[in-house]
Amino acid sequence: MAETIKLQFNIDGNNFVDAGAASGKVKKTLTQLGFDPAVIRRAAIAMYEGEINMVIHADGGVADVYIDSDKIRIVLSDKGPGIADVELAMKEGYSTASQEARDLGFGAGMGLPNMKNYTDEMTVNSKVGVGTTVEMIINC
Amino acid sequence: MKQTYFHSVTLDKEKCMGCTNCIRRCPTEAIRVRDGKARIIKERCIDCGECIRVCPYHAKQALTDPFSSIEKFKYKIALPAPALYGQFHNVRDINVILNGLKEIGFDDVYEVARAAEIVTIATMDLLMQKKLEMPVISTACPAILRLIRVRFPSLIKNLLPLNAPMDLAAKLARRRAIEKKGIPPEDIGVFFISPCPAKVTTLHEPLGEDTSPVDGVIAISEVYKKLAPILGSLKPKEKLVRAGLKGVNWCHSGGEAKALSKDAYLAVDGIDNVISVLESLEDNQISHVEFVEACACAGGCVGGPLTVENGYAARARIEQISKKLTSYETERELPQIDLEDVLISKPIEYVPILKLDDDRAVAMQKMQEMKAIEERLPKLDCGSCGAPSCKALAEDVVRGFGREIDCIHNLRSKVNELVREISELEM
Ligand SMILES: Nc1ncnc2c1ncn2[C@@H]1O[C@H](COP(=O)(O)OP(=O)(O)O)[C@@H](O)[C@H]1O
Ligand code: SF4
Ligand code: SF4
Ligand SMILES: [Mg+2]
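Chains A and B, in that order, give the protein sequences. Once you know that position 11 of the first sequence is 11 in this note's numbering, the rest is easy, because the numbers rise by one and skip nothing. Once you know that position 339 of the second sequence is 339 in this note's numbering, the rest is easy, because the numbers rise by one and skip nothing.
Check before you lean on any hint, since a few could be wrong.
[Claimed, not checked] Have a look at the derived ranges for each label pair, beta carbon to beta carbon: (1) B:58 - A:79: 51 to 57 Å; (2) A:117 - B:211: 40 to 46 Å; (3) B:345 - A:125: 50 to 56 Å; (4) B:69 - A:12: 53 to 59 Å; (5) A:10 - B:417: 31 to 37 Å; (6) B:401 - A:39: 43 to 49 Å; (7) A:130 - B:416: 57 to 63 Å; (8) A:117 - B:415: 51 to 57 Å; (9) A:117 - B:130: 35 to 41 Å; (10) A:96 - B:323: 48 to 54 Å; (11) B:43 - A:127: 47 to 53 Å; (12) A:92 - B:319: 42 to 48 Å; (13) B:13 - A:39: 54 to 60 Å; (14) A:121 - B:42: 39 to 45 Å.
Since the hints were made in silico from the structure, they are not lab data. Note that beta-carbon positions come from the ideal geometry of N, C-alpha and C, so glycine has one too.
For reference, chain A alone in the conformation it holds in the complex (with noise of 0.2 Å):
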């Protein structure tokens, strides 16, 4: 067995334009590991929407990123408000977005659902106040 790839990545609040920039990384790393294409978009799907949701509404975190031979670990955490109610968060279309944030873009309330669609596991801890952390699992 291998031993694990760990790459961590801040994620800067104020910058939307950044944002993409760990997704992009970790495209290149698994590219380089030779992991399925499919697996690749997967993961970078995945990663760039968590990036995003944690620079649009928690002011920015930490992504951390695990891989083995057969799995990728997605850990994002962040001290941002918190979700009240995980389930509705969920739902497709369901968006908390500032005006500003819509305006470039983002608010599409897809973020969430996309995640769980394109992961295999997929865990939301989350505390009003305190933060939110997002787990998600992809095996390969």
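Dock chain B with the ligands against the given chain A, drawing on the hints supplied.
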């Protein structure tokens, strides 16, 4: 089939000063400077021509065919790219240019712009049949096609499965010469008049086909030398213009997409811009477009490295002289062309050149090593080691074509250490 990795862009060793200007401009990190000279890692190069543009010593060149190579054939057909139309400051009529091609030695002319119009109609057909994966990505620019093949494999399914206009033009021109003029196939030589080094590669290593229907690729700049002196006073003998405005507009970015008469398109040009759009497409960030046209060159093919005129000036000129064109001729010819003629015959396949090793466990081990080496490098991305970044040097080391000591900063500290040790010995 064995991968041969022919590519058009090569280095003239004599001219290269090892200045490292090119290494960071290359979008696939294909260039290294070793022993004072640049080297192109063949399997990585997509022939985008960026290094040709940036080299201050003109040491990067595109391998194209000399004009004299047309003499190998009895019946010579020219396939002018529409970008050619914008090169001449004293010409106001496309027909003059096409007649000029016959004047300088070609027996027949088939405009690539005309084939482009047929590709447009075939694309519309496929879009209507809803057989394509959305959004559809154009395959007209071979540099982008090669980029996607090595770096964006998840987007391969979105590629338009049609021949590029050059290849279609070659097929149709050849067929016309055989069927209408009774020329024996072996006598026919089909030559693309090209703004583009990547098209040369397509000829030697076709994508989507087993063999290329093109016999040679001659640079626009080479043909220019012959044409420019005679066009000013040339009186056209026949009407050779058949392509319409929509086809001619393929010469610049947005032309192909606009010809489809769809609102939901995206046209991007310049290799860095294209890469950022492809990254976004891969992350599902772009959902409102049906068609993506991507050109490696700024401004599209008019900005190709084998042209003479500034790309933007050429575009302006083409816009002025192509206003009167219509597309009736293409429509008349169309019933004789099947979708089959335009479809590619071989799927485009992923070439995983970025992979560190075929064995996942070994690749992971190399990745760990790479990260450890990267930690030890100064993160200055200075290029003095000949690699485009510290990260790239770390990768070279684990791939076995670089050494940590190639880093002059590391070397310097090693030397300082040695000096200290020696002076301690002497005391
Ligand atoms: N990291 C987070 N911190 C706080 N709230 C979040 C976070 N991620 C998601 N949410 C909440 O869940 C809702 C739905 O998220 P999502 O499906 O990504 O849609 P969108 O981001 O378009 O609003 C958001 O509008 C927000 O209220
Ligand atoms: S042509 Fe493009 S891909 Fe090839 S070496 Fe030059 S810059 Fe790199
Ligand atoms: S934009 Fe045109 S000239 Fe430039 S690489 Fe692509 S096809 Fe060739
Ligand atoms: Mg979201």
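At the C-beta level, are residue 10 of chain A and residue 417 of chain B separated by a distance inside 31 to 37 Å?
-> This hint holds: roughly 34 Å between Cβ atoms.
Take the C-beta atom of residue 117 of chain A and the C-beta atom of residue 130 of chain B, compute their distance, and say whether it sits inside 35 to 41 Å.
-> 23 Å, violated
Take a look at whether the Cβ-Cβ distance between residue 43 of chain B and residue 127 of chain A falls inside 47 to 53 Å.
-> At roughly 50 Å between Cβ atoms, residue 127 of chain A and residue 43 of chain B fall inside 47 to 53 Å, so the hint holds.
Hint says 57 to 63 Å; check whether the CB-CB distance for residue 130 of chain A and residue 416 of chain B agrees.
-> 50 Å, violated
Whether the CB-CB distance between residue 121 of chain A and residue 42 of chain B falls inside 39 to 45 Å = The hinted range 39 to 45 Å holds for residue 121 of chain A and residue 42 of chain B, with Cβ atoms some 42 Å apart.
Take a look at whether the Cβ-Cβ distance between residue 58 of chain B and residue 79 of chain A falls inside 51 to 57 Å.
-> 55 Å, holds
Satisfaction of the hinted span 51 to 57 Å by the C-beta atoms belonging to residue 117 of chain A and residue 415 of chain B = 56 Å, holds
Are residue 345 of chain B and residue 125 of chain A spaced within 50 to 56 Å by their CB atoms?
-> Check passed, 52 Å falls within 50 to 56 Å.
Measuring from beta carbon to beta carbon, are residue 13 of chain B and residue 39 of chain A in 54 to 60 Å?
-> Once the Cβ atoms are compared, 42 Å apart, the range 54 to 60 Å for residue 39 of chain A and residue 13 of chain B is violated.
For residue 92 of chain A and residue 319 of chain B, compare the CB-CB distance with the range 42 to 48 Å and indicate the outcome.
-> 46 Å, holds
Distance restraint evaluation - residue 96 of chain A, residue 323 of chain B, Cβ atoms, bounds 48 to 54 Å = 52 Å Cβ-Cβ, so the 48 to 54 Å window holds.
Given the range 43 to 49 Å, decide if the beta-carbon distance of residue 401 of chain B to residue 39 of chain A lies inside it.
-> Since the Cβ atoms of residue 401 of chain B and residue 39 of chain A sit about 28 Å apart, the hinted range of 43 to 49 Å is violated.
Of the numbered hints listed earlier, those contradicted by the structure are 6, 7, 9 and 13.
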